[in-house]
Amino acid sequence: MANLPYQCLQKCGDILVAANSTRIDSFNLESGSLLSSWSPPTMGDLQISESAELEEAADGPPAKKRKLSKASDEVEAQADVKENTNGKKKNKQLNVFESPAVITMASTKAGGHVIAVTGEDKSIRVFEVASNGSLKQVSQRAMPKRPCAVVITDDDSTIISADKFGDVYALPLLPDATSAEVPSAEEDSKAGSETPEPAAGRLFKPAANEFTIHSVRNRKALENQKRQTNWPKEKTDPTFEHNLLLGHVSMLTDLLLTTRNGRKYIITADRDEHIRISRGMPQAHIIEGFCLGHTEFISRLCIPAGRDDILVSGGGEDELYIWDWLSGKLLSKAALRNHVDSAVRDASPEAESKKPTVSGIYHAKASGQDSRDLIIVSCEAVPALFVYCLTAQKTLEHQQTVSLPGNALSVAINTVGGASQMLVVSVDCIHKPRSIKERREQTVSCPSLVALSVTDDGLTEVSPLLFAAVKDEGALSEKELAKLPNLLYNIENFRKREGAPEEE
Amino acid sequence: MAGPANKRQKREEYKSTSRTDGTTELPKKKFYRQRAHANPFSDHQLTYPSSPDAMNWGPYYPAFVQQLPEENAPTEPSETVDVSTTKDDSTLTTNQIRKLTQDVEVADIGCGFGGLLVALAPKLPNTLLLGMEIRMQVSEYVQERIKALRAQNPGTGLYQNAACLRANTMKFLPNFFKKDQLSKIFLCFPDPHFKARKHKARIVSTTLNSEYAYVVRPGGIVYTITDVEDLHNWMVQHFEAHPSFERVPEDEQEADECVQVMRTETEEGKKVERNKGPKYVALFRRKEDPPW
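Those sequence lines, one after another, are chains A and B.
Read in the numbering used here, the first sequence has 162 at position 162, and its numbers run on one by one without any break.
Read in the numbering used here, the second sequence has 282 at position 282, and its numbers run on one by one without any break.
Do not take every clue at face value.
[As the list claims (entries may be wrong)] Think about it this way: if two alpha-carbon atoms lie no more than 25 Å apart in a straight line, the pair counts; the simulated PhoX-like pairs of lysine-lysine are:
| no. | chain 1 | residue 1 | chain 2 | residue 2 |
| --- | --- | --- | --- | --- |
| 1 | B | K29 | B | K7 |
| 2 | A | K226 | B | K271 |
| 3 | A | K483 | A | K164 |
| 4 | B | K195 | A | K264 |
| 5 | A | K122 | B | K195 |
| 6 | B | K198 | A | K220 |
| 7 | B | K179 | B | K198 |
No lab work stands behind these hints: they were computed from the structure.
The following block holds chain B by itself, in its conformation from the complex (with noise of 0.2 Å):
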């Protein structure tokens, strides 16, 4: 249900203004408010790149972007042919979009408003990190606050790292990541789905978790954390059953830096903390595929 009419007049007021003043304040999440379910299975009006060779991603890291080579430069011998690109020169191919320095190697999938990515930011400043949400709103306050906190902190290259973008990471993840790019992929406090027909909804499932072992390299580490014990059981469970994770032991969890950002900074993570909430985090590591 559409709020009251003056609600939505009052965030196009409060986004068209604050667009254009070029303030560096921070956005206010009262403004990106949207229902907590999205649907995984609908065909939002998304955008998303054919293949990650065709993902812009300048925009995103501006910081990170390759100085122009020279004019002529050969183009990549491992590019893949594309024959429209002769034909039809109104889409950007792979040869005009600007390569970054470096990939993205940490993926936050439902980064919600963005607390683990602010919060990452500082602490890996040399990977770069990309929050995906699926709520148009909620991605778009990420989007701001990154640029806020970006403009705050001039000359330091704060928050250039990372990044936000609205995806439908069950349906195209691999549109944006190659195989074994990540190091990282954070799950946290997802969508619950209780309803047993809802199951494969979530965002952890036998068959997903083929998807995960695909774009994060072998030692590279999914986090998983929920206040829902059930959810926690079953993400513990579908991981473990999958031969390409095993998971990480207790101890080596509790010593890795990352845990304890999930734990205090993520918006979620916060929130049951002042209601007194559990918390359950399992840690799991991509194991290297078996011979073939």
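In isolation and in its complexed conformation, chain A is listed as follows (with noise of 0.2 Å):
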């Protein structure tokens, strides 16, 4: 009877793509119909189709299966630590059976590849659309570090990786057939590895020697060490290609790709506040400038389609910025605590004002005479779509606060008949609204996806019957319920914490 919310949607050509936890659907834009659905193999069909598996996903064994095996390594040869941490590694066993839950995703300017990024095995699958909305998983890589945003450059060839260490990495979009052959040391410096290592197998030498290390006990290990023969093989990369690009030290947060002047650049926010603009490709390691001034983690960036030199961000702060990006100036800031505030308290009046969390920005054009830009910010755990208008002044008006009959989850935004827009919603039809953990009566139906038509004077809803026709899935474990907050709403995570203790 109920559904699980969706987490992320995409416009991939005319079909819409969401992925509901680990499964993905499709539906027709236009008429909001079910096309298709997606769901990755359990564990039991790993088992039995496992060969077939190997050779659709040309670059090694599933990730899941690759996971798995590592962490009995690991405690195998850690098979004298403590209990507590072997009761850890057991429970990670565990997860690995689940089937991972998406992420993020991109698509390809032609439509024809989606791309979904699933968190637990830290995974870039490739999917191909058929026009009749059949999704086909044509390749699953999995990445060194898991992945927090994707984008594919506009000729559809490469995909973008930034991720939770602060790496960003371009592949192409499918794997060379051949790649998989390629011994892994040719790929890794082909690749301009960034960690090479010696080869396995190699006896091992400690890098430091009599001469650097000063200390008793210090030099106790080190002969510990040279003692020591069984050394756990470190963890190699992956032997598809795969190229570093650029780097932060921090968790990169958003990233995108853009042209200016006929030169492209690569654009990259992290949770320490800063906003990197680099050269595009093959130029990527040379960094242009910064757009500094926000005082706590960023979670979004946005350019607008048409207004290439304004860049909007917004993270876990009281206003949106709006950036000259090229020159790095900060041209104006909006106000959004108020309005998310209002927002929360016209549902209940004694709700607590506290920092909003920007959990997306999208840019739509009305239809209508000025056929104004619109921005529309979406916030963690609030019931409703703030909509500004970019003005010529480069400043954002708040224009109109559109609620919603549950959280705010993803959008996605369709051009109908070239001019007009309309926009597609994710809400959390499991949780109450405003809340992240509390539950709906089972009674009270909600939709999962609300279509709105952006017109001058902002957004309207339509036909609710549009996308109404959601798989029904029965019932739901409470094993999946448990896990979704987490899934939903970790953007929040980002804040830092107030005194964390100061290390001596």
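Hey, can you piece these two chains together into the complex? The hints should help.
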């Protein structure tokens, strides 16, 4: 009777691709009808069709399996570790049996492919989208660290992935069929790998020696090291082609590619308040500048189409920032917190005011005489969208607050017949509005997708029948529900904790 | 692990007395010891400017603060628009910050107890030098040391051009320095981070080199020295692989007066000397950016 909410929406041609936990549904954007559903193979399927899976994902064993075997290796290697660490490892192993959830998506301009990042196995999966909406996974590549944001270059040839460790990689949309056969060492050097490891099996030689070690304790440790023979294998890089473009020493939160004056740029945002402007490939190692001024984490960036000199950024702050990104100049700020507060208070007057957490910034063009540029903002655990008008003076004017039947999760924007645009918003139909944990009464039904049309006067809800045909799931397991808050509301975690203990 | 209680107490006592009695004695290192490793990825309670324009350098280089301009001097047109300042006057705005007569040009990243800084300051009297250290106790020591040295040399202006602050440069270097601001960066005896899975914590990596290239002007030099051969090879490999840097040839390297100072005056350098350990030096010049 209930459905899991869609945590990610992505428009791919005239098809809407929506991820709901681990499943990916496709819809016809015009009619709102469900076209098809894709679910990852379960562990049972995996074992049966292991060889088939191997062929399909030409880039090595399925990541889930690999992680599993790694975990057991670790357990063996550390057989003498304390009981509780062992228990932790086992827990991790158990999780592996569960299917990983989609955390972000991107699609090609041509509309033939959609890519989805699954969090637990750090994989980038590429799907072929047929015109009838059916999805076929054509590649699955496990990245070195969990990707946080992915985009596809304008020519649809390359995936750019920004990860939790601060690094940005470029990888071809589809892995070269031959690359699986290339020995890893050669691949690594070609990829300009950052950490050239000694070949496996070579005798371990400590990098420290008697000259570099001064204290008695460290000398002892070195002697022990020299005696030790069973060195655990260091993690090796993936064998598929992936090039390190740039990196922050901070968790990356968003990534944009843009072109200005015929030059390509890569824009990256991190948890430590930086927006970095780098040159596009192949000169991504050159930093052109920074947009500095945020005082909390940045979670989302948006360059409005057709206004490509402007960058709107938002995160854990009371305001949205509007930049002339190429010069790094802050043009203006737009208040967000008071609008969020009043939206929350409309529903529950006693609600406390707190710093907003921006979960999405989108650009839409209104149909109408002025064809205004609208900036649409969603915040975590807020059942509303905030609509701003981007003025000619490069400021944001709050135009409208659209309330939704549940917390806004993700937005996809569709251009209908060239001019007028439509917004599809996924809302949290499981939890109560404004809450990330409290569940709704089972009897009250809530749509998981809402369609809005964009006009100069703002957003208006269109036929509630659109996207009504969401697949029925039957009963949801408590286990699935318990995992939801982490999946749907993870941006607030970027906020730094006050009074973190200072190490001596 | 925290040391014995009386150790901390003695440290507190020492600091509170020396701060108040206006002594010009150099601080004692034993009260400022801190474990040698700091995790560059964790969120320390750091203070750092939101951007280089927001940095108030005045307290660090009091002798180089610009004289107060006429009361209603026009604000510089290059200044960024800061809407918040109109509503919020609790924070120091860019207009209130007393500007220096010149910019900081030399950074000693991971300056430790400040040996290089103190040795270099008299040799480059017209350049502002900044030591940056992630460990709070150690950076405090260097600040006290510079304060004492300035007090010991009144009227000469000696050591007025050196300062130290606590910072995590791996995360926040662009918060302190503008593009092309620096002429020299020193990376002396950095933490080797032996384990391969800790290599991202090394102060030199392909991706971090891009940030060094951003703050160092073309022609500027990054100095590295270490006693760990493995780390030396790593640094050389990563700088040489970065298109913005080229290695400085050995004859030029040995002719550079800073190299000698780096070999003999850093705390680590002296320690390695005592242990008769090797020292590996490599210099890298920032190249011009290719056309774009």
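Now the hints, each set against the structure:
As the CA atoms of K29(B) and K7(B) are separated by approximately 13 Å, the hinted pair is consistent with the 25 Å bound. Pair hint K226(A) plus K271(B) holds up; C-alpha atoms about 24 Å apart against a cutoff of 25 Å. A distance of roughly 20 Å separates the Cα atoms of K483(A) and K164(A); the hinted pair therefore holds under the 25 Å criterion. Between K195(B) and K264(A) the alpha-carbon distance is near 37 Å, which puts this suggested pair outside the 25 Å criterion.
Only pairs whose Cα atoms come within 25 Å are accepted, and K122(A) paired with K195(B) is accepted, the gap being roughly 23 Å. A distance of roughly 21 Å separates the Cα atoms of K198(B) and K220(A); the hinted pair therefore holds under the 25 Å criterion. Note on K179(B) and K198(B): the hinted pairing is violated, with a Cα-Cα distance of about 29 Å set against a maximum of 25 Å.
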